[in-house]
Amino acid sequence: MPRRRRRQLRRRHTRTHYGPQPPGALTASGEVFDNNADTAATSLSRQPQLPFGTRVQVTNVANGRSLVVRINDRGTFVQTPQEPKCLDLTDGAFSRLGGSLNPDAGHIVVTQTVLN
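Using the working numbering, you'd call the opening residue of the sequence shown number 1 and step up by one each time.
I should point out that these hints are in silico values taken from the structure, not numbers from a laboratory. It should be emphasised that the depicted structure is a prediction, and the values quoted were computed from it without experimental measurement. Where hints are given, some of them may not hold.
Claimed, not checked - Restraint-style ranges between C-beta atoms, simulated for each label pair:
no., residue 1, residue 2, range
1, Gly24, Phe52, 16 to 26 Å
2, Ala62, Gly30, 31 to 41 Å
3, Val68, Val32, 31 to 41 Å
4, Pro51, Ala25, 27 to 37 Å
Glycine included, each C-beta is placed from N, C-alpha and C at the ideal position.
Generate the whole structure from the sequences, applying the supplied hints.
This is how it looks when you write it as structure tokens:
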């Protein structure tokens with residue numbers, strides 16, 4: 001049985017969410033965007049880039065909630081040393097991790113583990 005690689009990224013990261021998207025919008029991978037799916041965009045400023053299909057376990061530091069998202073898009077959001085924004089979550093994934101959409105908290109702080 002093949003062994004899965006896991007990479008723990010030690011830093012905390014700020015996660016944002018997409019917000020409203022037009023019906024039928026496509027992700028960079030060519031999939032129809034589903035704002036309730038457990039998927040995410042990886043930042044264009046992130047080095048190295050996470051390939052499409054990569055699964056990442058994301059854990060909210062504040063409440064311990066965790067889920068696995070699949071990378072299917074690229075984002076243009078900026079990463080800074082103060083706010084390393086590495087993923088842009090769908091609204092559904094953001095909510096399931098405990099992020100507030102109404103009123104919009106804007107971001108949550110998480111740790112992440114790349115599963116494959």
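Against the structure, the hints come out as follows:
1. Gly24 - Phe52: 16 to 26 Å: holds (19 Å)
2. Ala62 - Gly30: 31 to 41 Å: holds (34 Å)
3. Val68 - Val32: 31 to 41 Å: At 21 Å between Cβs, range violated.
4. Pro51 - Ala25: 27 to 37 Å: violated (21 Å)
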